[in-house]
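Asks: For reference, the chains in residue letters:
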Amino acid sequence: MLTKRIIPCLDIKNGRTVKGVNFVDLKDAGDPVILAKKYAQTGADELVFLDISATLEGRKTLVDMVLQVAKEINIPFTVGGGVSSVEDVDLLLQSGADKVAVNSAAIKRPELIKELADKFGSQCVVVAIDAKQINGSWKVHLAGGTMATDLDLFEWAKTVETLGAGEILFTSMDNDGTKQGFANEALARLSTACNIPIIASGGAGTVDHFMDAFQIGKADAALAASVFHFGTIDILELKKTLQEQNIPIRL
Amino acid sequence: MKVVLIDYGVGNIKSIQFAFERLGVSIVLSKDPEIIQQADKVILPGVGEASSAMRKLKETGLDALIPTLKQPVLGICLGMQLMCNHSDEGNTTGLKIFNTEVKRFSSDVKVPQMGWNTINNLKTDLFFKLKAPEYMYLVHSYYAQNCAQAIALTEYDILYASALQKDNFYGVQFHPEKSSRAGEQLLKNFMKL
Numbered sequence: 001m002l003t004k005r006i007i008p009c010l011d012i013k014n015g016r017t018v019k020g021v022n023f024v025d026l027k028d029a030g031d032p033v034i035l036a037k038k039y040a041q042t043g044a045d046e047l048v049f050l051d052i053s054a055t056l057e058g059r060k061t062l063v064d065m066v067l068q069v070a071k072e073i074n075i076p077f078t079v080g081g082g083v084s085s086v087e088d089v090d091l092l093l094q095s096g097a098d099k100v101a102v103n104s105a106a107i108k109r110p111e112l113i114k115e116l117a118d119k120f121g122s123q124c125v126v127v128a129i130d131a132k133q134i135n136g137s138w139k140v141h142l143a144g145g146t147m148a149t150d151l152d153l154f155e156w157a158k159t160v161e162t163l164g165a166g167e168i169l170f171t172s173m174d175n176d177g178t179k180q181g182f183a184n185e186a187l188a189r190l191s192t193a194c195n196i197p198i199i200a201s202g203g204a205g206t207v208d209h210f211m212d213a214f215q216i217g218k219a220d221a222a223l224a225a226s227v228f229h230f231g232t233i234d235i236l237e238l239k240k241t242l243q244e245q246n247i248p249i250r251l
Numbered sequence: 001m002k003v004v005l006i007d008y009g010v011g012n013i014k015s016i017q018f019a020f021e022r023l024g025v026s027i028v029l030s031k032d033p034e035i036i037q038q039a040d041k042v043i044l045p046g047v048g049e050a051s052s053a054m055r056k057l058k059e060t061g062l063d064a065l066i067p068t069l070k071q072p073v074l075g076i077c078l079g080m081q082l083m084c085n086h087s088d089e090g091n092t093t094g095l096k097i098f099n100t101e102v103k104r105f106s107s108d109v110k111v112p113q114m115g116w117n118t119i120n121n122l123k124t125d126l127f128f129k130l131k132a133p134e135y136m137y138l139v140h141s142y143y144a145q146n147c148a149q150a151i152a153l154t155e156y157d158i159l160y161a162s163a164l165q166k167d168n169f170y171g172v173q174f175h176p177e178k179s180s181r182a183g184e185q186l187l188k189n190f191m192k193l
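Protein chains in written order, with UniProt numbering: chain A, 1 to 251; chain B, 1 to 193.
By construction, these hints were calculated from the structure, which means they are not laboratory data.
Any given hint could be a false lead.
Unchecked claim - Using 20 Å as the maximum straight-line C-alpha spacing, the simulated DMTMM-like pairs for lysine to aspartate or glutamate come out as follows:
1) B:14 x A:72
2) B:56 x B:7
3) A:114 x A:90
4) A:218 x B:7
Unchecked claim - A few chain A residues facing chain B, derived, Cβ under 7 Å:
5) 76
6) 105
7) 109
8) 163
9) 192
10) 193
11) 196
For glycine and all other residues, C-beta sits at the position ideal for the given N, C-alpha and C.
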């Protein structure tokens with residue numbers, strides 16, 4: 001049976017992990033390769049790297065990092081953040097990324113999704129969608145969630161699926177950082193409306209939240225950052241608990 | 001030991017190269033028929049769409065060469081699908097090494113299947129030390145139908161062949177290069193065939 005995936009997310013700036021991390025035995029928690037390796041060895045099903053470098057220099061460093069991660073890591077990983085062209089994606093895939101996440105660039109120019117799917121295959125095209133509720137309806141935001149658009153989350157999700165996205169990474173801005181659980185209602189609607197996998201993001205605080213994202217939110221995968229970085233939740237323990245609750249999980 | 005990864009211009013082959021390097025095996029990328037023929041082991045990778053991948057194999061004449069190879073050959077993902085009779089993806093005639101057809105998953109399930117699923121009914125030494133149900137990483141929209149040459153089975157919306165074998169030819173639908181320790185074991189096993 002296809003299992004639900006647990007995905008730690010690493011924020012990268014100038015080739016280093018940002019946000020605090022407190023694994024006890026890590027000498028250099030800022031090194032994304034060391035951190036990625038640790039996650040791969042302790043049960044992560046996949047990894048996501050989000051680049052928040054604003055400078056060209058930072059972007060170049062990212063490519064080196066991707067190459068190093070690909071050399072060391074034996075599980076799949078996605079790279080996203082500021083990806084805006086076929087050339088960007090080509091470079092990241094050539095450097096060993098398995099999938100690439102696009103966000104703002106796809107909103108500005110939706111045909112990009114089709115171009116990527118045609119050239120590289122849907123399996124490596126993840127469309128990241130940041131959304132929050134405005135007057136009761138879910139509106140897509142761009143530029144790291146700083147700019148609202150008129151796009152409705154569910155309509156946009158269907159559009160990206162039609163254009164050839166292989167997967168959707170949905171971050172609820174309302175839930176992100178709250179540690180109060182994922183946006184399960186919106187997730188369930190997305191998962192039912194779309195015939196491609198949905199990754200839940202934003203709001204993980206406890207083991208129960210993951211359970212809810214899978215059972216209520218019908219998510220195919222759940223992504224989190226700080227609960228893993230700070231060791232609040234141990235991935236193996238999380239996965240064991242989920243399995244005890246009859247959620248299909250790889251152990 | 002000389003391992004050649006057939007380079008015919010499809011998709012991301014870096015991860016396969018790196019996976020072998022992690023095992024201490026250096027790998028040669030080539031589309032040169034002579035180099036491929038002289039290799040101890042041959043890998044046929046593949047990511048992307050079947051008909052365009054097949055076209056690339058034909059352009060280089062590799063479509064005729066591959067079925068004549070005598071050393072162990074491992075097709076991975078689309079590489080395995082191209083070794084079958086026919087794929088519904090782009091109505092593509094395959095290399096006809098494995099006597100089975102490649103079909104698309106129904107819309108009763110999410111397509112592509114993406115993530116870790118179990119492989120079962122394991123046969124041959126390719127799975128030495130691996131015990132069913134073993135988890136492997138899969139990303140695909142099309143699958144090979146179960147047949148007499150199946151050496152591993154996986155269930156999604158249907159029970160299908162996740163690995164195939166005929167003589168010296170092996171094919172796996174999953175990505176051993178991305179399947180953690182189980183995948184590494186499989187690659188080690190392939191090296192010993």
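Asks: For every hint, state whether the structure bears it out.
Replies: We went through each hint and held it up to the structure:
1. B:14 x A:72: holds (12 Å)
2. B:56 x B:7: Cα-Cα ~10 Å, so holds.
3. A:114 x A:90: holds (14 Å)
4. A:218 x B:7: Roughly 40 Å separates the two Cα atoms, so the pair is violated.
5. 76: holds (5 Å)
6. 105: Violated, because the Cβ-Cβ distance from residue 105 of chain A to chain B comes to roughly 20 Å (cut-off 7 Å).
7. 109: violated (22 Å)
8. 163: violated (15 Å)
9. 192: violated (11 Å)
10. 193: Violated, because the Cβ-Cβ distance from residue 193 of chain A to chain B comes to roughly 12 Å (cut-off 7 Å).
11. 196: This interface hint holds because 6 Å falls under the 7 Å limit.
Checked against the numbered hints above, the structure breaks hints 4, 6, 7, 8, 9 and 10 and satisfies the rest.
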